[in-house]
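Engineer: Below are the chains, spelled out letter by letter.
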Amino acid sequence: MSQDTLTGARFSQGATFSAKLSMWFRLHRIESKRGIKDIFSNPVSNFMTVLVIAIALALPTGLHIFLQNGQTLFQNWDGVSRISLFLKSEVSDNRLQQLAKEIEVRKDVAKVTVISKTQALEDFKQTSGFSEAIDQLDINPLPAVIEIQPAGNVISPEASDAMLQSLKALPEVEIAKLDLEWVRRLHAILQFAEKIAAALSLALAASVLLIVGNTIRLSVQNRREEIEIVKLVGATDAFIRRPFLYTGFWYGLLAGVCCWVLISGSLYWLDDSIRLLASEYKSQFQLQGLNLVQNLQLIGVACFLGLLGSWLSVGRHIRQIEPR
Amino acid sequence: MIEFVDVSKRYPNGQEALKRVTFSLADGEMAFLTGHSGAGKSTMLKLICLMERATSGQVMVNNKNLNRVGKRKIPDVRRDIGMIFQDHRLLFDRSVFDNVALPLMIAGYPQREIGRRVRAALDKVGLLSKEKYTPIMLSGGEQQRVGIARAVVNKPPLLLADEPTGNLDPELSAEIMNLFKQFNQVGVSLLIASHDLSLIAQMHYRTLVMKDGLLHQDRRAENYFEEDVL
Chain R
1 MSQDTLTGAR
11 FSQGATFSAK
21 LSMWFRLHRI
31 ESKRGIKDIF
41 SNPVSNFMTV
51 LVIAIALALP
61 TGLHIFLQNG
71 QTLFQNWDGV
81 SRISLFLKSE
91 VSDNRLQQLA
101 KEIEVRKDVA
111 KVTVISKTQA
121 LEDFKQTSGF
131 SEAIDQLDIN
141 PLPAVIEIQP
151 AGNVISPEAS
161 DAMLQSLKAL
171 PEVEIAKLDL
181 EWVRRLHAIL
191 QFAEKIAAAL
201 SLALAASVLL
211 IVGNTIRLSV
221 QNRREEIEIV
231 KLVGATDAFI
241 RRPFLYTGFW
251 YGLLAGVCCW
261 VLISGSLYWL
271 DDSIRLLASE
281 YKSQFQLQGL
291 NLVQNLQLIG
301 VACFLGLLGS
311 WLSVGRHIRQ
321 IEPR
Chain P
1 MIEFVDVSKR
11 YPNGQEALKR
21 VTFSLADGEM
31 AFLTGHSGAG
41 KSTMLKLICL
51 MERATSGQVM
61 VNNKNLNRVG
71 KRKIPDVRRD
81 IGMIFQDHRL
91 LFDRSVFDNV
101 ALPLMIAGYP
111 QREIGRRVRA
121 ALDKVGLLSK
131 EKYTPIMLSG
141 GEQQRVGIAR
151 AVVNKPPLLL
161 ADEPTGNLDP
171 ELSAEIMNLF
181 KQFNQVGVSL
191 LIASHDLSLI
201 AQMHYRTLVM
211 KDGLLHQDRR
221 AENYFEEDVL
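As given, the protein sequences belong to chains R and P, one line each in that order. Using the numbering used here, the letters of the first sequence correspond one by one to residues 1 to 324. Using the numbering used here, the letters of the second sequence correspond one by one to residues 1 to 230.
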């Protein structure tokens with residue numbers, strides 16, 4: 001019997017600050033291990049939870065990648081606003097050339113390109129792959145086109161619109177089209193999609209919080225007796241909270257990594273078809289995934305959401321458990 | 001060590017568990033708390049370790065007025081009290097060592113100190129050879145001794161025991177009581193709730209007898225033999 005250690009009752013003076021600090025680190029190590037062990041102790045159902053979180057993260061991430069690629073794709077077309085004049089079919093080739101010269105001398109015009117009816121048909125034959133069918137045609141259905149690149153002084157939408165109106169008024173012109181218009185529309189659509197993506201991200205982040213919160217709530221209830229016991233021997237709420245916070249963090253980390261795998265897999269799977277599509281458009285476009293920083297951000301956000309979800313849930317549920 | 005002044009406790013369901021109880025337990029004193037079930041023994045212990053709050057009156061423990069202890073300070077009060085339960089309240093997924101180490105880990109002791117103290121406590125209750133076992137591998141008496149080791153491991157000045165021998169045979173009960181006696185001899189105050197009257201009679205210590213929420217009798221150790229307990 002070692003009497004020495006049990007001689008003399010005294011009020012617990014606790015431990016020194018440095019001892020407490022080193023214990024604090026040790027407990028973190030122990031509890032972080034316990035948290036991950038908890039998850040792997042029931043691998044199937046916990047993996048499903050991780051997967052649900054990962055999918056909830058992958059949806060907005062995927063949308064974000066889609067938008068990011070859309071932006072780089074259309075960025076280059078931004079500055080080029082061109083006006084296309086589609087002429088009436090009865091306009092002769094001579095008149096076409098004449099008209100082109102007339103337009104070229106205007107002050108607000110930088111460059112004019114003429115595409116005659118025959119040339120348009122040739123181009124179409126080459127690019128569409130319908131050459132045989134087109135050969136069967138008796139008449140050429142395509143109009144002659146004058147492409148106008150406005151001078152540098154025509155920048156604002158109002159100026160280009162005024163120019164468009166004046167060109168539209170020419171008697172030979174069937175349709176006048178400002179090419180920039182659809183670029184603008186596309187931008188508006190992209191902006192709209194970005195907002196939807198942001199809203200979706202918020203909603204799914206909230207759902208991640210709820211999923212983690214609910215998982216942690218169940219885990220708190222499962223360990224109700226243990227919580228009562230450690231409360232009885234003097235544990236603070238912070239001490240009891242710690243393993244649950246770690247579990248939440250690990251859920252977030254695992255889900256973040258799963259999400260990264262899902263996204264990378266999907267991009268790899270899509271890559272071939274995107275390349276094929278791009279080559280059809282004679283484009284060098286390549287699908288850009290997330291870069292290293294973005295990947296780390298994704299995993300960081302996942303960890304943060306896991307931690308936050310567990311923190312929101314655990315405090316409330318631990319307070320409800322009091323020893324009886 | 002413990003001082004009750006006019007303490008009453010009424011539960012939300014209207015049951016009056018304690019009625020104006022006044023008593024005090026001196027530093028280093030050991031006493032039994034007895035009475036039939038429902039007489040208020042458990043309520044008294046619960047008030048001391050802040051599992052319940054008094055409806056009126058004043059409870060002082062370790063010179064702290066428990067009425068003034070906020071929710072966040074409850075753990076501090078409990079760290080100075082070693083508690084022993086009839087159902088042991090051990091963590092069944094951890095080893096005997098880890099169970100006993102729990103109060104020290106909570107208080108943040110350095111690891112070497114934890115090892116030393118846990119082994120000393122286990123040695124004291126005679127379970128040093130079973131530190132790696134889980135509680136499920138131990139008998140009832142051994143589990144109770146693990147609970148006792150956990151209660152004394154951080155050397156609290158006060159031990160509370162709620163029916164510590166409730167599920168044990170007389171021989172094991174006597175062993176446990178012997179341990180309590182030894183703790184008392186090194187200066188620990190003890191308050192032991194028990195209805196094992198024959199055991200209490202053998203011990204010759206002060207006995208508080210509860211009846212219907214009132215402190216019915218307060219028998220000092222010295223005049224113990226003069227009257228029957230109940």
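There could be a bad hint or two in this list.
[To be verified] Chain R regions said to be covered by chain P (calculated; three or more residues, Cβ under 8 Å):
(1) 21 to 31
(2) 112 to 125
[Said to hold, decoys possible] Just some of the chain P residues that point at chain R, by a computed CB distance under 8 Å:
(3) Phe23
(4) Met51
(5) Pro75
(6) Leu91
(7) Leu102
(8) Pro103
(9) Met105
(10) Ile106
(11) Gly108
(12) Gln111
(13) Gly115
[As the list claims (entries may be wrong)] Every beta carbon over 12 Å from chain P, so not counted as near; a handful from chain R, in silico:
(14) Phe130
(15) Leu178
(16) Lys195
(17) Lys231
No lab work stands behind these hints: they were computed from the structure. On a predicted model such as this, the values are computed, not experimentally measured, just so you know. Note that beta-carbon positions come from the ideal geometry of N, C-alpha and C, so glycine has one too.
Engineer: Indicate, hint by hint, whether the structure satisfies it.
Structural biologist: Cross-check of the supplied hints:
{"no.": "1", "hint": "21 to 31", "verdict": "holds (count 5)"}
{"no.": "2", "hint": "112 to 125", "verdict": "violated (count 0)"}
{"no.": "3", "hint": "Phe23", "verdict": "20 Å, violated"}
{"no.": "4", "hint": "Met51", "verdict": "6 Å, holds"}
{"no.": "5", "hint": "Pro75", "verdict": "5 Å, holds"}
{"no.": "6", "hint": "Leu91", "verdict": "6 Å, holds"}
{"no.": "7", "hint": "Leu102", "verdict": "6 Å, holds"}
{"no.": "8", "hint": "Pro103", "verdict": "5 Å, holds"}
{"no.": "9", "hint": "Met105", "verdict": "7 Å, holds"}
{"no.": "10", "hint": "Ile106", "verdict": "5 Å, holds"}
{"no.": "11", "hint": "Gly108", "verdict": "4 Å, holds"}
{"no.": "12", "hint": "Gln111", "verdict": "6 Å, holds"}
{"no.": "13", "hint": "Gly115", "verdict": "12 Å, violated"}
{"no.": "14", "hint": "Phe130", "verdict": "74 Å, holds"}
{"no.": "15", "hint": "Leu178", "verdict": "69 Å, holds"}
{"no.": "16", "hint": "Lys195", "verdict": "44 Å, holds"}
{"no.": "17", "hint": "Lys231", "verdict": "8 Å, violated"}
Violated hints, listed in ascending order, are 2, 3, 13 and 17; each of the other numbered hints is respected by the structure.
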